[in-house]
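Student: Based on the hints, put chain B in the right spot on chain A.
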Amino acid sequence: MVTAAMRETALLEAVWDVLRSVEDPELPITITDLGLIRDVRVADGRVAVRLIPTWTACPALTVIRHRVREALRALAGVREASVEYTYDEPWTLERMTPRGRQRLREYGLSVPACRFAEPPECPYCGSRDVRVESLFGPTLCRATYLCRTCRNPFERFKPPAEPATA
Amino acid sequence: MPPGLAAIADPALRAAFRDWLLRTADDELVIGHRHSEWTGFGPDIESDVAMSSIAQEEIGHARAFYEQAATEDGSDADTLAFGRSPAEYRHAILLERENGGWEFSILRLALYEPFEAARLRLLGACGHEPLAGLARTISREERYHGIFAQTWLTRLARATAEGRMRVQGALDAAWPDALGLFEATPADDLLRARGVLPQSPASLRTEWEEAIRPTVEGLGLTVPPAAAREGGRRGVHTPEFDRMLAQMTEVRRSDPEARW
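As you go down the protein sequences, you meet chains A and B in turn. Under our numbering, think of the first position of the first sequence as 1, with each following residue one higher. Under our numbering, think of the first position of the second sequence as 1, with each following residue one higher.
Looking at chain A on its own, in the form it has when it is part of the complex:
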């Protein structure tokens, strides 16, 4: 016999499968690897997902919300799906998974371990002898650098600043 609780557990797992399949429109990384999911609630066919924005002004936020909502609505057993951004906790680099970091590095993006204030490292040759070209880049979450060792320009993931490391 399939109980309501079992159906809910199955639906919750299906919801997470959906979330794991949604990619950020500006970077080759899924929203789960990026660490955007704050929480997921499933009750009686109603799904409520709360996301944490990396950058509040990022134009990808609207696209991501739309993609998640549409994918959830297409799921069997979903009557209602709400997707909201929440500000009750800030997004930090710690939220990004090792797999997500790996994919960004393969893409040519340097990713700090925790803080933007760490010494930057060239993603091509590993050199620390680099200089910042600009704190701004092609998207709000990227800064641009030049490696003095291998002479390659590169980009580095830029998290919102930590108040303590201003």
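None of these hints come from the bench; they were simulated from the model. Hints are not guaranteed to be accurate.
Claimed, not checked - Stretch-level coverage of chain A by chain B, calculated; a stretch enters the list once three of its residues show a Cβ under 8 Å from a Cβ in chain B:
1. 7 to 16
2. 49 to 57
Said to hold, decoys possible - Cβ pair distances, simulated, as ranges:
3. P119/A to P3/B: 40 to 46 Å
4. I45/B to D129/A: 19 to 25 Å
5. D10/B to R69/A: 33 to 39 Å
6. D10/B to R7/A: 41 to 47 Å
7. E23/A to P186/B: 47 to 53 Å
Said to hold, decoys possible - To spell it out: a stretch of chain B is covered by chain A in this simulated footprint if at least three of its residues, at any positions, have a beta carbon under 8 Å from a beta carbon of chain A; those stretches are:
8. 57 to 63
9. 142 to 152
A virtual CB, placed ideally from N, CA and C, is assigned to each residue, including glycine.
Tutor: Frame of chain A; chain B shown alone:
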């Protein structure tokens, strides 16, 4: 989503808080629009991208604040941003001034950022979610703007005699308007008296001056002995804003019901 403005039971207090949020959003929208006018015209490609990114962020922050204000009256962010008459906007006059030279935009950014940081600290401590969380989130993003402004201001002021003269000219022109950021309103008094905000926004001026004076004086610039030029917080603006608003809303006015 937590209740935000709706959690404030007293209608007068709620209206005052909404007024304050709108003012914050208007500041961000208007300076964001002015920054965006540098897109394609910056002095070098990096600065062009930087100023465009700062514009994008300020306008994004405006949208977030408008969304919070809109929960109160069933309106929406676009209507608040583009659907009001000039006298309904509550931004400070400093932010509507036409860009003129690069030195003016950089100086204005350098004056505005410490003000914004102080104001966000105030909102971050207001105890009303999601507004406080929003303020804390945004304040982390703003830090990069301040670094950009400081770097450029130093570069301009320390370059040639002409550079310093032009930055001084921009400071002389902008200072009275900058003091207008702190124009007191009845809404401020009510918010402070009822404990929604830990101190009055107008009282941020002391903190702001303590931050900004050493910066500009350290660059050999002189703060002019000028009084505040106010009015923006009451909806009194300059013809520069009328022209900007007309341009900014041109597409929307051509078809207000259009869906994008």
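Student: None of the hints should be skipped; say for each whether it holds.
Tutor: Now the hints, each set against the structure:
no. : hint                        : in the structure
1   : 7 to 16                     : violated (count 0)
2   : 49 to 57                    : holds (count 4)
3   : P119/A to P3/B: 40 to 46 Å  : holds (44 Å)
4   : I45/B to D129/A: 19 to 25 Å : holds (24 Å)
5   : D10/B to R69/A: 33 to 39 Å  : holds (36 Å)
6   : D10/B to R7/A: 41 to 47 Å   : holds (45 Å)
7   : E23/A to P186/B: 47 to 53 Å : holds (49 Å)
8   : 57 to 63                    : holds (count 6)
9   : 142 to 152                  : holds (count 4)
Comparing the model with each numbered hint stated earlier shows that hint 1 is the single one that does not hold.
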